[in-house]
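From first to last, the protein sequence lines stand for chains X and G.
Each residue of the first sequence is one higher than the last, beginning at 1 in our numbering.
Each residue of the second sequence is one higher than the last, beginning at 1 in our numbering.
Honestly, the hints are just simulated from the structure, not real lab data.
Keep in mind that a hint or two might mislead.
For identical chains, the list gives no copy identity; a pair is met inside one copy or between any two copies.
[Said to hold, decoys possible] Straight line, CA to CA, 25 angstroms or less: simulated SDA-like cross-link-like pairs of lysine to any residue:
#	residue 1	residue 2
1	Lys113	Gln240
2	Lys2	Glu140
3	Lys113	Glu239
4	Lys66	Pro104
5	Lys66	Asp106
6	Lys2	Ile63
7	Lys2	Asn111
8	Lys66	Pro105
9	Lys66	Gly139
10	Lys2	Leu59
11	Lys66	Asn187
12	Lys113	Ile63
13	Lys66	Ala194
14	Lys66	Ile135
15	Lys2	Asn62
2 protein chains.
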Amino acid sequence: MKVSELGEFPLIDILAGMVEESRNDSMPAWQNLIVGIGDDCAAWRVEPDHVQIGKIDALFENIHFKLDTATWRELGWKVLAINMSDIAAAGGMPRYALVNLALPPDTEVENIKDLYRGMLELAGKFGVAIAGGNISRAGEVSIVLSLTGVAREGRLLSRSVARPGHQIAVTGSLGGSAGGLRLLSQNLDLDIAARDSLRTAFMTPFPRVAESLLLVESGVRCCIDISDGLVQDMGHICEQSGVRGRIHVDRVPRHPAITANFPMDSVLMALSGGEDYELLFTASPETMAKVNRALTCPVTVIGEIVEGAGVELLDSRGRVFTLPQTGWDHFKAGRRTTK
Amino acid sequence: MKVSELGEFPLIDILAGMVEESRNDSMPAWQNLIVGIGDDCAAWRVEPDHVQIGKIDALFENIHFKLDTATWRELGWKVLAINMSDIAAAGGMPRYALVNLALPPDTEVENIKDLYRGMLELAGKFGVAIAGGNISRAGEVSIVLSLTGVAREGRLLSRSVARPGHQIAVTGSLGGSAGGLRLLSQNLDLDIAARDSLRTAFMTPFPRVAESLLLVESGVRCCIDISDGLVQDMGHICEQSGVRGRIHVDRVPRHPAITANFPMDSVLMALSGGEDYELLFTASPETMAKVNRALTCPVTVIGEIVEGAGVELLDSRGRVFTLPQTGWDHFKAGRRTTK
Numbered sequence: 001m002k003v004s005e006l007g008e009f010p011l012i013d014i015l016a017g018m019v020e021e022s023r024n025d026s027m028p029a030w031q032n033l034i035v036g037i038g039d040d041c042a043a044w045r046v047e048p049d050h051v052q053i054g055k056i057d058a059l060f061e062n063i064h065f066k067l068d069t070a071t072w073r074e075l076g077w078k079v080l081a082i083n084m085s086d087i088a089a090a091g092g093m094p095r096y097a098l099v100n101l102a103l104p105p106d107t108e109v110e111n112i113k114d115l116y117r118g119m120l121e122l123a124g125k126f127g128v129a130i131a132g133g134n135i136s137r138a139g140e141v142s143i144v145l146s147l148t149g150v151a152r153e154g155r156l157l158s159r160s161v162a163r164p165g166h167q168i169a170v171t172g173s174l175g176g177s178a179g180g181l182r183l184l185s186q187n188l189d190l191d192i193a194a195r196d197s198l199r200t201a202f203m204t205p206f207p208r209v210a211e212s213l214l215l216v217e218s219g220v221r222c223c224i225d226i227s228d229g230l231v232q233d234m235g236h237i238c239e240q241s242g243v244r245g246r247i248h249v250d251r252v253p254r255h256p257a258i259t260a261n262f263p264m265d266s267v268l269m270a271l272s273g274g275e276d277y278e279l280l281f282t283a284s285p286e287t288m289a290k291v292n293r294a295l296t297c298p299v300t301v302i303g304e305i306v307e308g309a310g311v312e313l314l315d316s317r318g319r320v321f322t323l324p325q326t327g328w329d330h331f332k333a334g335r336r337t338t339k
Numbered sequence: 001m002k003v004s005e006l007g008e009f010p011l012i013d014i015l016a017g018m019v020e021e022s023r024n025d026s027m028p029a030w031q032n033l034i035v036g037i038g039d040d041c042a043a044w045r046v047e048p049d050h051v052q053i054g055k056i057d058a059l060f061e062n063i064h065f066k067l068d069t070a071t072w073r074e075l076g077w078k079v080l081a082i083n084m085s086d087i088a089a090a091g092g093m094p095r096y097a098l099v100n101l102a103l104p105p106d107t108e109v110e111n112i113k114d115l116y117r118g119m120l121e122l123a124g125k126f127g128v129a130i131a132g133g134n135i136s137r138a139g140e141v142s143i144v145l146s147l148t149g150v151a152r153e154g155r156l157l158s159r160s161v162a163r164p165g166h167q168i169a170v171t172g173s174l175g176g177s178a179g180g181l182r183l184l185s186q187n188l189d190l191d192i193a194a195r196d197s198l199r200t201a202f203m204t205p206f207p208r209v210a211e212s213l214l215l216v217e218s219g220v221r222c223c224i225d226i227s228d229g230l231v232q233d234m235g236h237i238c239e240q241s242g243v244r245g246r247i248h249v250d251r252v253p254r255h256p257a258i259t260a261n262f263p264m265d266s267v268l269m270a271l272s273g274g275e276d277y278e279l280l281f282t283a284s285p286e287t288m289a290k291v292n293r294a295l296t297c298p299v300t301v302i303g304e305i306v307e308g309a310g311v312e313l314l315d316s317r318g319r320v321f322t323l324p325q326t327g328w329d330h331f332k333a334g335r336r337t338t339k
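Okay, chain X solo, but in the shape it has when bound (with noise of 0.2 angstroms):
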């Protein structure tokens, strides 16, 4: 059935009755929501000692993914992975999110709830409460999720706080979301154990919402999530820090399944391929032995906070070593910016 055919509150009221069976009362956030879907306002009690922390982000049609290749309910997954993983490299745990979807009219009802799906099988994971939306017309396919969160407001996570004498970190390995778009724009034939892991860093990536809490525990302070790429992201933190980042190429983890099908470009597409969603943080070498006993995921030195700006690149050798591309700009696709 099209939503054409069903209408917009009937398609409003499935989503409703989704999230609602979705609903545990055991996570804080599903305890103090008060008024979920159906009024004009979300609403829920605020959480003691606190604040709040607030993300919104988006998937648009033929921009962040195209419907001959991606599943509806990896859209819905990916939406709320992204916002999530923003509120992670905050330090916090996420809450409550409100949905804005812009729908063509002979969009089938059928791959709507694959979307919701897809973003309720993630909530559960974090207990994240759906607790609102709205949805609209559209001519191509757009999903909007903001997301709020939680944490402490002396243990925030931010770009500002790189300081010299820094190591610089990065959780997990690079480049697959990379990897993910060029199997899936290109219908690349590779195995299927790389064609899997490749489409899930790609469509599904998993946000670091645990990982987040114990860098905020050992004492991290600076963090920020890998969206537009790894140079790009550490330029953020040494703009708003006004330190220099210093990064040895080689020491970046490369994911497996680009080293070894992508041999050639694999570095390229970890230092700059962007949507990782891994967290990128800089802290002081006593710090950074405390994340390494706490987090179990790959942490890898790749690099340290010194005094300048911008972001150095050093090869094996110690060699300056250039990017012909280091991430992307919304409007300069194509052409992506050299910084």
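Following the hints, put chain G in place on chain X, whose structure we already have.
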């Protein structure tokens, strides 16, 4: 200059500068804002003794507006106003906004500054802080805004507490927005005063935030804002409250410029035009008397809540009035739904 010439990050810098300049530290939202535009998440301290409320709503090009008739300043005002109206309908004060902009690359930077000027103009009237946002490329312009507010838990307004014996009332007058849409889409040659007032009703409605707080103080608990159209929004109250709403059509206040310029259609425009962003509420006659003393804007009692279900329209002789169409369904546009 086009946004594609400027680039994403310089554009964000410009908008962040405009928002920072509009900062007003005498207002609670700004006082409590810890991290604004420029980090992964916005962060704010939570106000004591209040619940948080949240809403997301959007304007999409060629669905909600056309760029040849709307100004960018109007779009900025309107996207905030429609969210503020929902916060008002819930009995809250608006606080923090997050903005998702999707723009074609050839959009003029000056236009986006105008968009923010309009948004900041309205935000400034109520101390709303634009706390963050996200920008991406798209084929058509869309502006999605997520707004939080604060309300007292026991004093939230909702759609679900209308009771038999309540009177039904509405603030201001209706149909002006429908008149404005007709004015712009048909490029009508009305007199300047009518053009101004209808355009204002459609493009820059003034959300009833102050009135909402007075409704709450007066004891009102059941409210919705008129976005889909009087009859349809009354239907939402009836459905969620399990009651029947009886509306006396001749008592519905019509915008003076529609009675003057569209005499044949003015009743229909007032009943089902939508987007008026007036408050529709129900209360006992005693509470309604308090409301009349408290509010300085026009308040008109247009009907009463009775046992039953659905919305009943009566003409001046008490006969059932049948409406050919009753409001907006986003997916059945062109064939508006009758509930």
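Hint check:
1. Taking the shortest alpha-carbon separations for Lys113 and Gln240, only the inter-copy value of 23 angstroms comes in at or below 25 angstroms, while the best intra-copy value is 41 angstroms.
2. In this assembly of identical chains, Lys2 and Glu140 lie within 25 angstroms of each other by CA distance both inside one copy and across copies; the values are 15 angstroms within and 23 angstroms between.
3. Within a single copy, Lys113 and Glu239 get their C-alpha atoms only as close as 42 angstroms, which misses the 25 angstroms cut-off; across copies the closest is 24 angstroms, which meets it.
4. For a Cα distance limit of 25 angstroms, the shortest separation of Lys66 from Pro104 qualifies both inside one copy, at 14 angstroms, and across copies, at 18 angstroms.
5. Taking identical chains as interchangeable, the C-alpha atoms of Lys66 and Asp106 lie at most 25 angstroms apart whether they share a chain (16 angstroms) or sit on different chains (22 angstroms).
6. Taking the shortest Cα distances, Lys2 and Ile63 sit within 25 angstroms of each other both inside one copy (24 angstroms) and across copies (19 angstroms).
7. Proximity of Lys2 and Asn111 under a CA criterion of 25 angstroms is satisfied intra-copy only: 9 angstroms inside one chain copy versus 36 angstroms between copies.
8. For a Cα distance limit of 25 angstroms, the shortest separation of Lys66 from Pro105 qualifies both inside one copy, at 17 angstroms, and across copies, at 19 angstroms.
9. In this homomeric assembly, Lys66 and Gly139 come within 25 angstroms of each other (Cα to Cα) both inside a single copy, at 14 angstroms, and across copies, at 14 angstroms.
10. With identical chains, the CA atoms of Lys2 and Leu59 are at most 25 angstroms apart both within one copy (21 angstroms) and between copies (23 angstroms).
11. In this assembly of identical chains, Lys66 and Asn187 lie within 25 angstroms of each other by CA distance solely inside one copy; the values are 13 angstroms within and 38 angstroms between copies.
12. Taking the closest pair of Cα atoms, Lys113 and Ile63 come within 25 angstroms of each other both inside a single copy (22 angstroms) and across two copies (23 angstroms).
13. With identical chains, the CA atoms of Lys66 and Ala194 are at most 25 angstroms apart within one copy only, with a shortest distance of 21 angstroms there and 46 angstroms across copies.
14. For the homomeric pair Lys66 and Ile135, the shortest alpha-carbon distances inside one copy (20 angstroms) and between copies (19 angstroms) are both at most 25 angstroms.
15. In this assembly of identical chains, the alpha carbons of Lys2 and Asn62 lie at most 25 angstroms apart whether taken from the same copy (21 angstroms) or from different copies (21 angstroms).
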